[in-house]
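Line order of the protein sequences matches chains F and L. For the first sequence, the numbering used here begins at 11 and goes up steadily by one. For the second sequence, the numbering used here begins at 37 and goes up steadily by one.
Take these hints with a grain of salt, some might be off.
Chain F is faced by these chain L residues, among others (derived, beta-carbon under 8 Å) [claimed, not checked]:
(1) Lys52
(2) Gly66
(3) Glu106
(4) Arg109
(5) Lys110
(6) Ala113
(7) Tyr221
(8) Ile222
(9) Ala223
(10) Leu224
(11) Pro225
(12) Ile227
(13) Ile228
(14) Ala230
(15) Arg231
Each computed DSS-like pair below joins lysine-lysine, with the alpha-carbon atoms no more than 30 Å apart [claimed, not checked]:
(16) F:Lys57 x L:Lys233
(17) L:Lys249 x L:Lys52
(18) L:Lys68 x F:Lys542
(19) L:Lys86 x F:Lys57
(20) F:Lys300 x L:Lys263
(21) F:Lys57 x L:Lys68
(22) F:Lys300 x L:Lys52
(23) L:Lys229 x L:Lys118
(24) F:Lys300 x L:Lys264
(25) L:Lys229 x F:Lys57
(26) F:Lys57 x L:Lys88
It is worth saying that the hints were derived from the structure and are not from the lab. For each residue, glycine too, the CB sits at the ideal point set by N, CA and C.
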Amino acid sequence: MASLESQSIPATGCSFLQGAPASAFAPEDFSSDERLMVQMAEQFSQKEILPNLDRMDAQEEGLVPTIVQHAGALGFCGPDTSADFGGLGLGKNLAARILEYLSLNASFSVTIGITSGISQVGLQLFGSRELQEKYLPPLCSGEHIGAYCLSEPNSGTDSLSLSTRADQHGGKWVLNGTKMWISNAKWANQFLVMAKVGGEKISAFLVERDFPGVSISREEHKMGLKGSSTARVMLENAEVPLENMVYEEGRGHIVAFNALNLGRFKLSSMSIGPARQAMTHASEYALDRKQFGQSIGRFGLIEQKFAKMAALFYAAESAIYRTGALIDSAFESGHAQYPDDRIKGNIRGAEEYSVECSICKVFSTEAEGQIVDECLQVYGGYGFTEEFPIARIYRDCRVSRIYEGTNEINRFFIADRLLRRMRAGTVIFGPGDGFIHDLCGEACALVSNLENPHQAVLGALADLAILTYVEQSARLRVSRNPAAFGQLHAVFCNWANAEAARAYQLISGNPVSLPAPAAVDLGAIAGLVYEKRGPVN
Amino acid sequence: MKIMVTVKRVIDPYAKVRPLSDGSGVDTTGVKFDANPFDEIAVEEAVRQKEKNPVIEIVAVSLGGTECEEQLRKALAMGADKAVLIESSENYDTLAVAEEFVALVKAESPDLVLMGKQSTDGDNNQVGQMMAALLGWPQATFASKLELADGTARVTRETDTGEETLEMNLPAIVTTDLRLNEPRYIALPGIIKARSKPLEKRPPSSTATSRVKTVKVEAVPARSAGKKVGSVDELVAELSARGLF
Numbered sequence: 011m012a013s014l015e016s017q018s019i020p021a022t023g024c025s026f027l028q029g030a031p032a033s034a035f036a037p038e039d040f041s042s043d044e045r046l047m048v049q050m051a052e053q054f055s056q057k058e059i060l061p062n063l064d065r066m067d068a069q070e071e072g073l074v075p076t077i078v079q080h081a082g083a084l085g086f087c088g089p090d091t092s093a094d095f096g097g098l099g100l101g102k103n104l105a106a107r108i109l110e111y112l113s114l115n116a117s118f119s120v121t122i123g124i125t126s127g128i129s130q131v132g133l134q135l136f137g138s139r140e141l142q143e144k145y146l147p148p149l150c151s152g153e154h155i156g157a158y159c160l161s162e163p164n165s166g167t168d169s170l171s172l173s174t175r176a177d178q179h180g181g182k183w184v185l186n187g188t189k190m191w192i193s194n195a196k197w198a199n200q201f202l203v204m205a206k207v208g209g210e211k212i213s214a215f216l217v218e219r220d221f222p223g224v225s226i227s228r229e230e231h232k233m234g235l236k237g238s239s240t241a242r243v244m245l246e247n248a249e250v251p252l253e254n255m256v257y258e259e260g261r262g263h264i265v266a267f268n269a270l271n272l273g274r275f276k277l278s279s280m281s282i283g284p285a286r287q288a289m290t291h292a293s294e295y296a297l298d299r300k301q302f303g304q305s306i307g308r309f310g311l312i313e314q315k316f317a318k319m320a321a322l323f324y325a326a327e328s329a330i331y332r333t334g335a336l337i338d339s340a341f342e343s344g345h346a347q348y349p350d351d352r353i354k355g356n357i358r359g360a361e362e363y364s365v366e367c368s369i370c371k372v373f374s375t376e377a378e379g380q381i382v383d384e385c386l387q388v389y390g391g392y393g394f395t396e397e398f399p400i401a402r403i404y405r406d407c408r409v410s411r412i413y414e415g416t417n418e419i420n421r422f423f424i425a426d427r428l429l430r431r432m433r434a435g436t437v438i439f440g441p442g443d444g445f446i447h448d449l450c451g452e453a454c455a456l457v458s459n460l461e462n463p464h465q466a467v468l469g470a471l472a473d474l475a476i477l478t479y480v481e482q483s484a485r486l487r488v489s490r491n492p493a494a495f496g497q498l499h500a501v502f503c504n505w506a507n508a509e510a511a512r513a514y515q516l517i518s519g520n521p522v523s524l525p526a527p528a529a530v531d532l533g534a535i536a537g538l539v540y541e542k543r544g545p546v547n
Numbered sequence: 037m038k039i040m041v042t043v044k045r046v047i048d049p050y051a052k053v054r055p056l057s058d059g060s061g062v063d064t065t066g067v068k069f070d071a072n073p074f075d076e077i078a079v080e081e082a083v084r085q086k087e088k089n090p091v092i093e094i095v096a097v098s099l100g101g102t103e104c105e106e107q108l109r110k111a112l113a114m115g116a117d118k119a120v121l122i123e124s125s126e127n128y129d130t131l132a133v134a135e136e137f138v139a140l141v142k143a144e145s146p147d148l149v150l151m152g153k154q155s156t157d158g159d160n161n162q163v164g165q166m167m168a169a170l171l172g173w174p175q176a177t178f179a180s181k182l183e184l185a186d187g188t189a190r191v192t193r194e195t196d197t198g199e200e201t202l203e204m205n206l207p208a209i210v211t212t213d214l215r216l217n218e219p220r221y222i223a224l225p226g227i228i229k230a231r232s233k234p235l236e237k238r239p240p241s242s243t244a245t246s247r248v249k250t251v252k253v254e255a256v257p258a259r260s261a262g263k264k265v266g267s268v269d270e271l272v273a274e275l276s277a278r279g280l281f
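Chain F extracted, bound-state conformation (with noise of 0.2 Å):
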């Protein structure tokens, strides 16, 4: 470990292959007054949306509108655009952080992750200064809710077969189409909506609810996000400005493409929002639920649960802020790059670190839904009725897994640009980063040779790849916390090299023998989550 420390590991996509860098971000190394953001988020949480989640479920109609508003009015929905259009123009790492805070609620956090991300990331990165004039500021200062719209009835996954198409009629655009799943749909004031320029060429447009032929269907009828909007945007003939078009004719998918990867990431900090949540309603009712004449969080069993859950989340957050810090390195060198071209410097930003992104969606999502899951059971029976918060949480946090590009896809995609890097010679593994990088190292190489791997293959690799970043990410933060992060990340270890070798079984066929675990007190690491009333942070 000591001499790949020396090593400089150059900071580009990928490179964690290579082995573990000196060091990496931290949730830990925010600065005090980022500290202060994040601590605001998490009150606004506390004070103006959990106390409102029935209502919210009910869709009462005005509430959420008026609560974006009054996060606007504090700066929670542009903080990482540009201050020019009234934003804060703070990193996407930070950004990030708070957003995990306002995420306490799923529902919420899908309105105000893409009132305050997607929606307005095509035009900061792609949008002309005057798109960015008009349609910006509305956004950062919550008078106006956003929305994206790539998804068709027909094309989810498989994106660029979208059908929506665009014409040049009379000096407007005119757009056809039915753009589905759409997020904030009853609210948004504006949209930015992916079509088809004569049916073939991918390009973005900023449109307006009140263009003609702009209308929103009904509510879908969904298992969770309840107080959240989820609709169909329809156009018909809907007319929209020539000037409207984000970015250049027929390069829609580098700004649908590029929003997604960012999208990822915050989607990462917005899915453990609510595994926070969830663990500090399910420690409560451990020491608070008595059977066999004491708390029921002093049962082994129930310790393990949060041992693991705590590592879990351990990991994840150490794998998104790593990450975060990544992409605020990639924008900043991609803009020295390209000094004349803001818009290559912005490409490279967003594109240089997406499998990273790709990892923490898939970690960080599955991690949620394993810490919801166990949380659930601490609560039993209870934990079955509607009388307990964790139900609404369980039926929530179900989507993470399946928006911003399913698991499935985002496994796929991180498989296929390993073997492509590794093909092309950027991607070098390193030896000694451990067990996990090991496997992965062989795993990888083992898979180029093949003619048409499987994708259950391909799965495997993604997951090896996954372990390898989120391990080497966990182990980097240790130093901050030894005592405490040394034993969540053992706890991790324990999990993972066993996932790893599983996975690694499953690509080559032969048998793997596992490190012996290492000693954790998972008492202690339980007792830890018991104090603070939710992960270990």
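Once you have looked at the hints, place chain L on chain F.
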């Protein structure tokens, strides 16, 4: 008009604290700190007064190590105009703190000192009163309402027998109670603006002389299990056996 507000750095009032194993104090490793909540109410009150009367200048002050800058920046983000940190890593008892702030009052000449009635760590409730005595200024403690007029302050305070309203000439010391106000959300642009507001550090006016010595810090003993009694007679018997009845 100038208002001076004190802002003490304290262990997060919601955190669970542990004594150090040698009993010399509280273990602060991995513990979060925040501004004393009563002081935050004082800052909020100063900001509300400034909103009514924009000529007011607010100076936030603290005493302690360089880490206290965090809490002063928070006060600046809430709306204070400038901050002064008396930088020292020494231990101060309440009188020594009052003496340092009195020296600062003489340098800054505020018309009003607003401070929390107590801090959530020491829970002494002494510094405000001591400062008033040292300065010879009028004081109103446990304020639940504050009105400023030309050269005077009208303060409503909650007492055990009801509300009491006092009027006094400025300069004066007012300490704040919980019900005075609810501190606002700090808007993120305010936090960014606070980065460039002036924060002056100065040495203490004299060497700290602590007249009070901490003998021992111990955890609260765990509550032992109760006992169920069958009748009132039994209850009386149990209580008198313990000398409680």
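Status of each hint after checking the structure:
1. About 5 Å separates the beta-carbon of Lys52 of chain L from the nearest beta-carbon of chain F, less than 8 Å, and the hint is met.
2. Given the 8 Å rule on beta carbons, the hint for Gly66 of chain L holds: about 6 Å separates it from the nearest Cβ of chain F.
3. Nearest Cβ of chain F to the Cβ of Glu106 of chain L: about 4 Å, under the 8 Å cut. The hint holds.
4. The beta carbon of Arg109 of chain L comes within 6 Å of a beta carbon in chain F, closer than 8 Å, and the hint placing it at the interface holds.
5. Annotation: interface hint on Lys110 of chain L holds; nearest CB of chain F at approximately 6 Å, less than 8 Å.
6. Hint on Ala113 of chain L holds. Least Cβ distance to chain F is approximately 7 Å, under the 8 Å limit.
7. About 6 Å separates the beta-carbon of Tyr221 of chain L from the nearest beta-carbon of chain F, less than 8 Å, and the hint is met.
8. Contact between Ile222 of chain L and chain F, as hinted, is supported at the beta carbon level, the nearest pair being about 5 Å apart and thus within 8 Å.
9. Of the supplied interface hints, the one on Ala223 of chain L holds, with its beta-carbon coming within about 5 Å of a beta-carbon of chain F, less than 8 Å.
10. A least Cβ separation of about 3 Å between Leu224 of chain L and chain F falls short of the 8 Å threshold, and the interface hint therefore holds.
11. About 5 Å separates the beta-carbon of Pro225 of chain L from the nearest beta-carbon of chain F, less than 8 Å, and the hint is met.
12. Checking Ile227 of chain L against chain F by beta carbon gives a least distance of about 5 Å; that is within 8 Å, so the hint holds.
13. For Ile228 of chain L, the interface hint holds, the least distance from its beta-carbon to any beta-carbon of chain F being 6 Å, beneath 8 Å.
14. Evaluation of the Ala230 of chain L hint against chain F yields a held restraint, the C-beta minimum of about 7 Å falling below 8 Å.
15. Annotation: interface hint on Arg231 of chain L holds; nearest CB of chain F at approximately 6 Å, less than 8 Å.
16. Only pairs whose Cα atoms come within 30 Å are accepted, and Lys57 of chain F paired with Lys233 of chain L is accepted, the gap being roughly 29 Å.
17. A hinted pair counts as satisfied when its Cα atoms are at most 30 Å apart, and Lys249 of chain L with Lys52 of chain L qualifies at roughly 24 Å.
18. For a cut-off of 30 Å, the pair hint linking Lys68 of chain L to Lys542 of chain F stands: about 11 Å separates their Cα positions.
19. This hinted pair checks out: Lys86 of chain L and Lys57 of chain F have alpha carbons roughly 26 Å apart, not beyond 30 Å.
20. Using a Cα cut-off of 30 Å, the hinted pair Lys300 of chain F and Lys263 of chain L holds, with the two alpha carbons roughly 18 Å apart.
21. The suggested pairing of Lys57 of chain F with Lys68 of chain L holds, with an alpha-carbon distance near 21 Å, which does not exceed 30 Å.
22. Restraint check for Lys300 of chain F and Lys52 of chain L: satisfied, since their Cα atoms lie roughly 22 Å apart, inside the 30 Å limit.
23. A C-alpha spacing of about 12 Å is found between Lys229 of chain L and Lys118 of chain L, which places the hinted pair at or below 30 Å, so the restraint holds.
24. Pair hint Lys300 of chain F plus Lys264 of chain L holds up; C-alpha atoms about 18 Å apart against a cutoff of 30 Å.
25. Under the criterion of a C-alpha separation no larger than 30 Å, the hint pairing Lys229 of chain L with Lys57 of chain F is consistent with the structure, at around 24 Å.
26. Proximity of Lys57 of chain F to Lys88 of chain L is assessed by CA-CA distance (about 26 Å); at most 30 Å being required, the pair is judged to hold.
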